[in-house]
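Engineer: Listed here are the chains, written in short residue letters.
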Amino acid sequence: EPEVTQTPSHQVTQMGQEVILRCVPISNHLYFYWYRQILGQKVEFLVSFYNNEISEKSEIFDDQFSVERPDGSNFTLKIRSTKLEDSAMYFCASSGAGGRTQYFGPGTRLTVL
Amino acid sequence: QKEVEQNSGPLSVPEGAIASLNCTYSDRVSQSFFWYRQYSGKSPELIMSIYSNGDKEDGRFTAQLNKASQYVSLLIRDSQPSDSATYLCAVKRRKDAGGTSYGKLTFGQGTILTVHP
Numbered sequence: 013e014p015e016v017t018q019t020p021s022h023q024v025t026q027m028g029q030e031v032i033l034r035c036v037p038i039s040n041h042l043y044f045y046w047y048r049q050i051l052g053q054k055v056e057f058l059v060s061f062y063n064n065e066i067s068e069k070s071e072i073f074d075d076q077f078s079v080e081r082p083d084g085s086n087f088t089l090k091i092r093s094t095k096l097e098d099s100a101m102y103f104c105a106s107s108g109a110g111g112r113t114q115y116f117g118p119g120t121r122l123t124v125l
Numbered sequence: 002q003k004e005v006e007q008n009s010g011p012l013s014v015p016e017g018a019i020a021s022l023n024c025t026y027s028d029r030v031s032q033s034f035f036w037y038r039q040y041s042g043k044s045p046e047l048i049m050s051i052y053s054n055g056d057k058e059d060g061r062f063t064a065q066l067n068k069a070s071q072y073v074s075l076l077i078r079d080s081q082p083s084d085s086a087t088y089l090c091a092v093k094r095r096k097d098a099g100g101t102s103y104g105k106l107t108f109g110q111g112t113i114l115t116v117h118p
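Those protein sequence lines, which keep their order, are chains A and B.
Residue numbering for the first sequence is 13 to 125, as defined by my numbering.
Residue numbering for the second sequence is 2 to 118, as defined by my numbering.
This is chain B alone, in the form it adopts within the complex (with noise of 0.2 Å):
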């Protein structure tokens, strides 16, 4: 199983509409989760990130997470052409009792987002 699984794509959707976009994770002790935007040939560029269950919003973006699912979802309002990239999901785990700091950063492979005009 993946660790963290995202549909490819690509997601092709009309300017101005609601882009939604799906990750599903299987480390249960996963507890900081990142959206991250990257265009061709470039680094992934953070966007959201969310720890708590819920509904996080920052603008046009509304990142949403349900640990019992073991799920995370972007949601681009009024989506532009700009916005047209490959959407990383990002999973880190926890920190354990002894205070490590698990810093690694587990990728889903993006799923690729079209806006046409």
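Just chain A, same shape as in the assembly (with noise of 0.2 Å):
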């Protein structure tokens, strides 16, 4: 069964670095998303992306995130500047025609030292 894959799995890194999170979401799907989860908080939305551009977006992501499709099966979040407060779980999801139904990816944990 296809599915959505992440990597890293943990990315560690020092205060205002800059992180590239990679996803490769399911192969035959349009709509790609990224959510966040700090610990012992609820799924939060970040952004979503359609047709090569962002469709929506929180408020959470601010100008220090930014996110591309750099070819036709990869789908990047990036981090600038990286906070104490960006350590979470980074969730990237998927889905097809329609756009209804997400599916997620295993996701990445950043910590942000």
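By construction, these hints were calculated from the structure, which means they are not laboratory data.
The C-beta atom is built at its ideal place from N, Cα and C for all residues, glycine as well.
A hint or two may mislead.
To be verified - Here are the simulated BS3-like cross-link-like pairs (lysine-lysine), alpha carbons at most 25 Å apart as the crow flies:
#1 A/Lys90 - A/Lys69
#2 A/Lys54 - B/Lys68
#3 A/Lys54 - B/Lys43
#4 A/Lys54 - A/Lys90
#5 A/Lys54 - A/Lys69
#6 A/Lys95 - B/Lys43
#7 A/Lys90 - B/Lys43
#8 A/Lys69 - B/Lys43
#9 B/Lys68 - B/Lys57
#10 A/Lys69 - A/Lys95
#11 A/Lys54 - A/Lys95
Claimed, not checked - Partial list, computed: chain A residues near chain B (C-beta under 10 Å):
#12 Tyr43
#13 Gln49
#14 Phe103
#15 Arg112
#16 Thr113
Using the hints, build the complex out of the two chains.
Structural biologist: Spelled out as structure tokens, the structure:
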């Protein structure tokens, strides 16, 4: 069964450093998303991406964040200058035509020291 | 007011019993409703989706939606210890008249379910 994959599974970085989180969505899906979950808190929407552009973003997704689909398979989230409060699980999700049901990847645990 | 509200629990039921999980939402233009299961340290896993008022059954799971009351629930029949997890309710707004897809899922805090042998 096709699934969303994410790399790395765990990323440790120093405050102020740039990180890139990578995702490979399900191959025939058209809509791509990033969510995050701070430990003990709810899953929060960051951004959605369709037709090579951002379709919606949350207040969390400020100028420090960017997304890109550099080729036909990868979808990346970049944080330019990480802060302590960026420590969280970051989940990539994708959905097919119609964009109804979102399937989540296993997540990347980001730890900012 | 929280957009999507769930009782955080923990909800404890004996093996074989019915577990009932509830969720309320505040945005009246919500159209799509989802239940995800999340094991500790893992990602959300889709269990059920429901779009119309009424009940939808899939195996041991039944989702119920009442848009007038802004209420969605999940029943788990014959609960098993392996069902022990956090259950997340998620809500999505409908597309607008211009065709823009509001893909954002808004999640509740989740209800911790424990099924004891």
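Engineer: Evaluate each hint against the coordinates.
Structural biologist: So, going through the hints one by one against the coordinates:
At most 25 Å may separate the alpha-carbon atoms for a hinted pair to count; lysine 90 of chain A and lysine 69 of chain A meet this at roughly 14 Å. Of the pairs offered as hints, the one joining lysine 54 of chain A and lysine 68 of chain B holds, with about 23 Å between alpha carbons and a cut-off of 25 Å not exceeded. Note on lysine 54 of chain A and lysine 43 of chain B: the hinted pairing holds, with a Cα-Cα distance of about 13 Å set against a maximum of 25 Å. Annotation: proposed proximity of lysine 54 of chain A to lysine 90 of chain A holds, straight-line Cα distance about 21 Å (limit 25 Å).
Of the pairs offered as hints, the one joining lysine 54 of chain A and lysine 69 of chain A holds, with about 17 Å between alpha carbons and a cut-off of 25 Å not exceeded. A distance of roughly 23 Å separates the Cα atoms of lysine 95 of chain A and lysine 43 of chain B; the hinted pair therefore holds under the 25 Å criterion. Taken as a hint, the lysine 90 of chain A and lysine 43 of chain B pair is honoured in the structure, with Cα atoms around 22 Å apart against an allowance of 25 Å. With a CA separation close to 24 Å, the supplied pair lysine 69 of chain A and lysine 43 of chain B stays within the 25 Å bound.
The suggested pairing of lysine 68 of chain B with lysine 57 of chain B holds, with an alpha-carbon distance near 14 Å, which does not exceed 25 Å. Proximity of lysine 69 of chain A to lysine 95 of chain A is assessed by CA-CA distance (about 19 Å); at most 25 Å being required, the pair is judged to hold. This hinted pair checks out: lysine 54 of chain A and lysine 95 of chain A have alpha carbons roughly 19 Å apart, not beyond 25 Å. Because the closest C-beta pair between tyrosine 43 of chain A and chain B is about 6 Å apart, less than 10 Å, the hint holds.
With a least beta-carbon distance of about 9 Å to chain B, the hint placing glutamine 49 of chain A at the interface is held under the 10 Å criterion. Residue-level restraint check for phenylalanine 103 of chain A holds (minimum Cβ-Cβ distance to chain B is 5 Å; threshold 10 Å). Taken as an interface hint, arginine 112 of chain A checks out: its beta carbon lies about 6 Å from the nearest beta carbon of chain B, inside 10 Å. For threonine 113 of chain A, the suggested interface contact is upheld, since its CB lies about 6 Å from the closest CB of chain B, less than 10 Å.
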